[in-house]
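Undergrad: Sequence:
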Amino acid sequence: MSTPNGFPQHSRVCLTRSVEGGAVQDLQAKKAGKAAKKEAGGDGAPPKIGTPISETLKFLPEELKANMKIRSITPRPPRKPRLERAASLDEKSWRKWRRFRTSQESLTDPNETSSSNGSLQEASPSPPTRGRASPCNPCCQQDSLHSSPDALEASPGGKSKGGASDLGKRASEISSAFGGLLRGKAFAGGKPRLSQIMPARPLPPMELNVASHSLRTANRIDSDCLDYRHYSQHKFGRVSSSLSDSRLQGNGTLYDSCSTDSMKSTFSVLTPIRAKDVRSRSYLEGSLLASGALMGAEELSRYFPDRNMGIFVATWNMQGQKELPVNLDDFLLPTDPDFAQDMYVIGVQEGCPDRREWEIRLQETLGPHYVQLHSAAHGVLYLSVFIRRDLIWFCSEVEYATVTTRIVSQIKTKGALGISFTFFGTSFLFITSHFTSGDSKVNERKLDYNKTIQALTLPKNVPDTNPYRSSSSDVTTRFDEVFWFGDFNFRLNKDRETVDSILNQHPDTDVSRLLVYDQLTSEMSRGSIFKGFQEADIHFRPSYKFDIGKDSYDSTSKQRTPSYTDRVVFRSRYKDDIQAVKYSSCPVIRTSDHRPVFALFRVRVRPGRDNIPLAAGLFDRDLYLIGIRRRATRELLKRRERKDQRSSSICSIS
1 MSTPNGFPQH
11 SRVCLTRSVE
21 GGAVQDLQAK
31 KAGKAAKKEA
41 GGDGAPPKIG
51 TPISETLKFL
61 PEELKANMKI
71 RSITPRPPRK
81 PRLERAASLD
91 EKSWRKWRRF
101 RTSQESLTDP
111 NETSSSNGSL
121 QEASPSPPTR
131 GRASPCNPCC
141 QQDSLHSSPD
151 ALEASPGGKS
161 KGGASDLGKR
171 ASEISSAFGG
181 LLRGKAFAGG
191 KPRLSQIMPA
201 RPLPPMELNV
211 ASHSLRTANR
221 IDSDCLDYRH
231 YSQHKFGRVS
241 SSLSDSRLQG
251 NGTLYDSCST
261 DSMKSTFSVL
271 TPIRAKDVRS
281 RSYLEGSLLA
291 SGALMGAEEL
301 SRYFPDRNMG
311 IFVATWNMQG
321 QKELPVNLDD
331 FLLPTDPDFA
341 QDMYVIGVQE
351 GCPDRREWEI
361 RLQETLGPHY
371 VQLHSAAHGV
381 LYLSVFIRRD
391 LIWFCSEVEY
401 ATVTTRIVSQ
411 IKTKGALGIS
421 FTFFGTSFLF
431 ITSHFTSGDS
441 KVNERKLDYN
451 KTIQALTLPK
461 NVPDTNPYRS
471 SSSDVTTRFD
481 EVFWFGDFNF
491 RLNKDRETVD
501 SILNQHPDTD
511 VSRLLVYDQL
521 TSEMSRGSIF
531 KGFQEADIHF
541 RPSYKFDIGK
551 DSYDSTSKQR
561 TPSYTDRVVF
571 RSRYKDDIQA
581 VKYSSCPVIR
591 TSDHRPVFAL
601 FRVRVRPGRD
611 NIPLAAGLFD
621 RDLYLIGIRR
631 RATRELLKRR
641 ERKDQRSSSI
651 CSIS
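When the letters of the sequence shown are read in order and numbered with UniProt numbering, they come out as residues 1 to 654.
Treat the hints with care, as some may be off.
Each pair of labels, with its calculated beta carbon distance range [as the list claims (entries may be wrong)]:
hint : residue 1 : residue 2 : range
1    : S470      : D330      : 36 to 42 Å
2    : R621      : R513      : 49 to 55 Å
3    : S528      : V588      : 45 to 51 Å
4    : Q196      : F339      : 42 to 48 Å
Below, simulated SDA-like cross-link-like pairs (lysine to any residue); rule was C-alpha separation at most 20 Å, straight line [stated by the list, open to error]:
hint : residue 1 : residue 2
5    : K460      : K638
6    : K412      : N450
7    : K441      : E523
8    : K582      : I628
9    : K494      : K451
10   : K451      : S473
11   : K531      : D577
12   : K460      : T404
13   : K451      : Y400
14   : K558      : R496
15   : K575      : Y400
16   : K638      : G367
17   : K441      : A340
18   : K582      : K412
19   : K638      : Y400
20   : K446      : S473
In short, the hints are calculated from the structure, not lab data. Heads up, the beta-carbon is just placed ideally off N, CA and C, and yes, glycines get one too.
Using the sequences and the hints given, assemble the complete structure.
TA: Okay, here's the thing in structure tokens:
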């Protein structure tokens, strides 16, 4: 059955009820429709859902295509959301659906039947509805789609009053009709969705690499580690599954692996180990360059690519004071340079009565990144070695020995204490000493030195890395790197007034005029002591003798001359293996008449062999736990004090 306009009745009803039903209206041109029906052919196939408008126009007659004018439609961006009360996603979806349904009911009359003239409800497209029964079945909808093109071709075929303008209008209506049907199908699911907006022209090409420097910086990704994924792929042939985000890959989003890594930040910096390497890897073979050797070159390059490590060496005569400094940060962790060292070696003369408390304070200051590899004592001489916790596996067994230079005294206040071990393939010896005191006792101090190098029995079980360059009469020749530090008690051969005058003229760094009178400098230049040793340039004030708690030198009746009694010297088997980075004192610690003196070094490390007695990660666990607990407690107290200060602050209005 057909209507007076030539459309089938069921197609008329379906298109009127459809989302964009106004596309086939304009029923006023009856005569033009009859004439077009005679001329138009019926062999065109109906367009499929989802075809673009250009494909749809292929089914129109050639005469219609030649006369119509197609308007380009530019999609509009979605409106900015209004400020409203925070609502859940389901509530927002329900509001949108309710708004669409209300607008459709207001624009389309459900009781409307066929009409010969258009109306606002017929001409205006209405949004699709959700959860509403369609007035016709799916078969009816399909029939309407098949019959629509033929009927539409018949209508504009006549050349009546509308002319070309009517043809352009009808082409726009065809586009709206099919677009409305597509959008109506999109809303047939469980939740309402916005219709797909197609761009008016092709989008510009996008770069494949969308990783941004700011994204990496915001996630604190080290620039040196950005290419590690490609490096591991090339070298190890596999990458952890955490390198890619399946959610980003699955939805077709353009992504970059570096950006994904920086957002997730879960990839370990540890080098992946192949399973076959774990199977074939064996230690204690004595190999120097074999792949997988614990002390070998490959393992060394992983931790020290430049084969250099940082060492902090310090000496301090505590004068036997029970009171320890409140804060040791300025001593152990100076702000220059910016980075902490790999190893900390601290020697103490005339140490405090509670040695354990002193070690706990050191652990508390250095924090959880360091562990105490070994500590030893000889009377009131203390020596502690701390190392980064991930480096303890590359140390040999630690050995120590002592020498007493004052036999008469029951309390061993003068003497030497040495600790030795091998790190990778480099052997280290650290000696702290307290030589004879007195301005004129230079020969006694040289005797103390000679006795120490002869009587210090090291190494014991750990083999010498180069026995051909060792001497049985000098312990310092049996190690690759030797650091000797302590209270050597060498003085300035000048009266107090002259020294004070020089210090007043050059208060800070220019102390070259004072070093002319230094006993140790002159003896080392003669070769009578510390043979083969070097000392970094001195640019700090004399470390002895201060009034306790003050920055002034001895103001008692003795008026002792300020002197450089606390020193750090070093020697190496190989030229330029040790580079001094900094040599200074710590003037903020005033609990003793001596100021602490420290030096920072860069030391070259060589690969070694596995067939040596290994420490196997041994460290002082109890000290570590106590120090970390103390550190956490201290931080909590600081936060509580700051909170109390803020809460108890009083504002005054003047």
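Undergrad: For every hint, state whether the structure bears it out.
TA: Status of the hints after comparison with the structure:
Distance hint for S470 and D330: a CB-CB separation of about 39 Å, consistent with the stated range 36 to 42 Å. Distance hint for R621 and R513: a CB-CB separation of about 50 Å, consistent with the stated range 49 to 55 Å. Distance hint check: the CB atoms of S528 and V588 are about 35 Å apart, inconsistent with the given range 45 to 51 Å. At about 55 Å, the CB distance of Q196 to F339 disagrees with the hint of 42 to 48 Å.
About 47 Å separates the Cα atoms of K460 and K638, which puts this hinted pair outside 20 Å; it is violated. Straight-line distance between C-alpha atoms of K412 and N450 comes to about 18 Å, which keeps the hinted pair within the 20 Å bound. Restraint check for K441 and E523: the C-alpha separation of about 13 Å stays at or below 20 Å, so the hint holds. At most 20 Å may separate the alpha-carbon atoms for a hinted pair to count; K582 and I628 exceed this at roughly 28 Å.
This hinted pair does not check out: K494 and K451 have alpha carbons roughly 28 Å apart, beyond 20 Å. For the proposed pair K451 and S473, the alpha carbon gap of about 10 Å is at most 20 Å, so the pair holds. A threshold of 20 Å between alpha carbons decides the hint, and for K531 with D577 the separation of about 17 Å falls inside it, so the pair holds. Restraint check for K460 and T404: satisfied, since their Cα atoms lie roughly 19 Å apart, inside the 20 Å limit.
A hinted pair counts as satisfied when its Cα atoms are at most 20 Å apart, and K451 with Y400 qualifies at roughly 16 Å. Taking the CA atoms of K558 and R496, the gap is near 10 Å; set against the 20 Å cutoff, the hint holds. Note on K575 and Y400: the hinted pairing is violated, with a Cα-Cα distance of about 26 Å set against a maximum of 20 Å. With a C-alpha separation of about 16 Å, the suggested pair K638 and G367 falls inside the 20 Å cut-off, and the hint holds.
Distance restraint check for K441 and A340: the Cα-Cα separation of roughly 38 Å exceeds the 20 Å cut-off, and the hinted pair is therefore not satisfied. Between the alpha carbons of K582 and K412 the distance comes to roughly 31 Å, so the proposed pair goes past 20 Å and is violated. This hinted pair does not check out: K638 and Y400 have alpha carbons roughly 39 Å apart, beyond 20 Å. The suggested pairing of K446 with S473 holds, with an alpha-carbon distance near 16 Å, which does not exceed 20 Å.
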